[in-house]
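There are 4 protein chains.
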Amino acid sequence: MLDALKTQVLEANLELVRRGLVLCTFGNASGIDRERGLVAIKPSGVPYDNLTSDDMVISDLSGVVMGGRLKPSSDLDTHLELYRAFPAIGGVVHTHSEFATAWAQAGREIPAYGTTHADYFYGPVPVTQELTAEEVGDDYVLNTGKAIVRRFRNLDPMAVPGVLVAGHAPFAWGKDAMEAAYHAVVLESVARMAFYTVTLNPECGGISQALLDRHHFRKHGAKATYGQGS
Amino acid sequence: MLDALKTQVLEANLELVRRGLVLCTFGNASGIDRERGLVAIKPSGVPYDNLTSDDMVISDLSGVVMGGRLKPSSDLDTHLELYRAFPAIGGVVHTHSEFATAWAQAGREIPAYGTTHADYFYGPVPVTQELTAEEVGDDYVLNTGKAIVRRFRNLDPMAVPGVLVAGHAPFAWGKDAMEAAYHAVVLESVARMAFYTVTLNPECGGISQALLDRHHFRKHGAKATYGQGS
Amino acid sequence: MLDALKTQVLEANLELVRRGLVLCTFGNASGIDRERGLVAIKPSGVPYDNLTSDDMVISDLSGVVMGGRLKPSSDLDTHLELYRAFPAIGGVVHTHSEFATAWAQAGREIPAYGTTHADYFYGPVPVTQELTAEEVGDDYVLNTGKAIVRRFRNLDPMAVPGVLVAGHAPFAWGKDAMEAAYHAVVLESVARMAFYTVTLNPECGGISQALLDRHHFRKHGAKATYGQGS
Amino acid sequence: MLDALKTQVLEANLELVRRGLVLCTFGNASGIDRERGLVAIKPSGVPYDNLTSDDMVISDLSGVVMGGRLKPSSDLDTHLELYRAFPAIGGVVHTHSEFATAWAQAGREIPAYGTTHADYFYGPVPVTQELTAEEVGDDYVLNTGKAIVRRFRNLDPMAVPGVLVAGHAPFAWGKDAMEAAYHAVVLESVARMAFYTVTLNPECGGISQALLDRHHFRKHGAKATYGQGS
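Protein chains in written order, with numbering that gives the first Met the number 0: chain B, 0 to 229; chain D, 0 to 229; chain R, 0 to 229; chain U, 0 to 229.
It should be emphasised that the hints constitute simulated quantities derived from the structure, not laboratory data. Be a bit skeptical, because a hint or two may be false.
Copies of the same chain look alike in the list, so a pair counts if it fits in one copy or across any two.
The list that follows gives simulated cross-link-like pairs (lysine-lysine, DSSO-like), each with its CA atoms no further than 27 Å apart [to be verified]:
1) Lys174 <-> Lys218
2) Lys70 <-> Lys174
3) Lys145 <-> Lys70
4) Lys145 <-> Lys218
5) Lys70 <-> Lys218
6) Lys174 <-> Lys145
Between the sequences and the hints, there should be enough to build the whole structure, so can you do that?
Below, the structure is given as structure tokens:
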């Protein structure tokens with residue numbers, strides 16, 4: 000009965016590969032069935048080439064894995080923390096895509112330098128605080144999720160569907176696994192253009208609030224005009 | 000009777016994808032039939048994979064859409080303003096290609112650093128002023144076109160067939176949709192090489208007026224010698 | 000009886016090409032059969048397109064080549080020195096991959112800026128000293144190996160499976176030829192992201208010792224939890 | 000009787016495309032039959048897709064074109080000047096490859112930062128002086144060749160088989176058209192790595208004379224040891 004979810008989660012994982020966001024096995028996508036409270040996620044350390052939807056591992060929101068022979072992605076606890084804290088999201092993606100990871104490693108948020116950014120991220124893509132030595136201990140993966148949630152205390156995760164984990168790499172999310180993957184693709188492109196922008200103009204202040212609002216609300220909310228929707 | 004126009008506009012849109020200038024659906028190309036005063040443009044937010052020439056949306060120069068089930072690109076009003084103000088152009092292209100967008104986001108014009116640039120752009124690729132909060136309001140897309148036209152008050156759009164919209168991305172144009180797409184491709188390459196050039200030599204003054212003239216008039220005007228034309 | 004070794008060494012060489020790490024013939028991979036004390040290595044200056052496993056050249060650890068019509072890679076003596084000095088390694092790879100080579104040319108070690116790095120390299124990727132004019136003489140290739148070994152006097156080659164040879168390019172190694180190739184791939188990606196990171200934040204101090212430990216020991220040693228291993 | 004020459008010149012032109020060195024039609028390769036004093040070169044402004052060896056245009060060393068319906072590359076006079084001044088060369092290539100062009104636009108020579116460079120270029124890849132307004136006049140293309148030859152007054156063109164024309168782009172050459180194309184490929188890779196190197200270390204002094212000698216003479220001259228040659 001989770002077949003559709005597992006199929007989409009597989010597809011989201013493969014989309015990350017097709018878009019060049021993951022090298023080797025550095026990436027994972029998951030999706031959630033909110034009614035059942037069950038998450039499907041990529042198994043740990045398995046090459047993408049032979050993945051099938053049946054390889055997706057099912058877990059409840061507390062991390063109890065349901066059957067299956069494979070272990071879930073080692074990042075499962077981060078995904079679960081995001082599902083618990085952000086009830087509107089239906090999919091989570093983690094990659095080490097190169098430009099977003101570079102901003103994360105540099106410990107810099109990505110400012111809203113242009114309308115590409117504004118179409119998807121309503122304000123800077125934030126960066127978490129570095130984890131303390133204690134947080135890096137036994138509950139490291141869970142604490143990564145908590146650091147993200149803490150960073151979003153005054154942010155709407157549906158308005159800013161991604162984050163940079165300091166010294167690590169990006170996470171992105173969306174209404175389902177495919178949208179999370181799509182946001183990860185956009186985030187990498189935004190990160191790349193922001194890198195070139197700040198190199199060309201280190202003092203660049205980014206776009207105005209008016210332009211940020213205009214582009215964001217063009218695609219989101221009651222007044223959205225983009226696409227073929229009525 | 001607009002079949003040839005729609006076919007070429009489709010082809011120009013697909014060329015942008017093949018050349019890697021558009022990510023997801025961030026881009027659009029249009030062409031105009033000057034005799035009929037009708038413009039064909041890509042529909043809004045439709046994936047490129049299944050586009051057919053019949054999906055191209057027809058509009059008159061005032062923005063009245065002729066039949067069809069699809070909405071035109073959300074950038075239509077910018078295209079129309081360019082067709083109205085620049086009577087010599089027959090095609091317009093908009094992309095978020097990464098290096099040209101970075102220069103636009105940085106708010107810097109692209110200087111004529113070399114002969115690749117000079118073969119296509121007779122002088123710097125200019126950048127518009129930022130739009131005011133008021134301009135970003137209801138007529139935002141039209142005002143984007145007006146900002147471009149204002150920037151070209153003392154420039155010949157056929158000698159400089161492209162522009163950077165500040166905080167946004169490039170537009171390019173040409174005698175028809177395919178040439179507009181070609182100029183968008185060249186603009187991205189020129190933007191990339193200019194990025195590397197200014198990184199290597201922040202004081203680079205660009206090529207001499209004599210060299211700029213030589214390369215420009217090699218391909219344009221009565222003394223053109225390039226190619227197989229007689 | 001060395002067929003399996005030669006096949007894997009061929010495969011490792013081809014993997015370098017598939018991953019875009021070698022231009023023309025600038026790269027080579029080798030593997031060792033520790034019981035027999037024999038090394039299989041790519042022949043010198045032969046295009047990759049027609050390489051077969053039988054083209055792999057067999058040498059003993061002192062550099063005596065066993066039969067075969069082809070000369071071994073001109074870098075053989077570096078590989079042999081590494082096999083002699085690092086008894087735990089089973090494969091060696093040399094490439095001129097572009098970002099790792101740039102760090103080598105710049106004479107800078109690659110700091111551990113993030114967890115991608117920490118998963119594979121327990122600390123900075125070190126850079127050797129420049130060779131003296133004397134070392135560049137007759138035993139140049141051997142001396143390259145000696146410079147690497149000298150740089151690892153207080154380092155564990157299994158914890159840091161790669162190095163930058165100053166003014167030259169990277170070497171990587173692993174438990175066999177395929178793992179060495181894999182480490183060369185990761186090294187290039189790490190080098191690329193480190194380049195962007197240090198451009199964004201020249202003062203970047205890298206990740207904490209706690210995070211470095213956490214990621215390293217997640218994949219290495221008795222407490223490893225990554226992948227499907229029990 | 001020039002069939003073999005024309006076939007190789009075609010192949011060299013196509014190699015430039017396969018290697019990503021030319022965008023649109025910005026590039027050309029030629030080769031010379033020294034006995035007959037005849038040069039075969041790509042025609043001007045013809046797309047690469049349908050080029051055949053019979054499209055190659057034949058010219059004598061004074062620029063008199065032999066039969067054929069197509070006009071030669073507009074850069075012919077530069078190629079001819081190089082063939083006249085450098086009797087050892089048998090092929091010439093011109094591209095606007097992006098990193099080499101950036102160095103040319105920046106007006107900076109490419110220092111010998113590493114052994115990849117040293118294997119092919121015995122010292123910096125030089126940059127010409129800018130052409131004067133007078134030189135940019137009627138004999139502009141010829142004067143480009145003369146500027147290159149002037150820059151090589153104290154250089155051996157077989158030891159440094161390429162150059163950057165200031166504000167323009169690179170030329171490369173070799174014993175025949177294919178080797179010229181190969182040198183253009185290496186030059187672009189060397190230019191790319193040098194860009195990253197100088198960004199990482201603006202004070203980088205490059206490799207020692209001893210290392211430059213070692214790598215150069217490894218592949219050139221009586222003591223060459225690289226490859227399968229006896």
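- For which of the previously enumerated hints does the structure constitute a violation, in increasing order of number? Structure breaks no hint.
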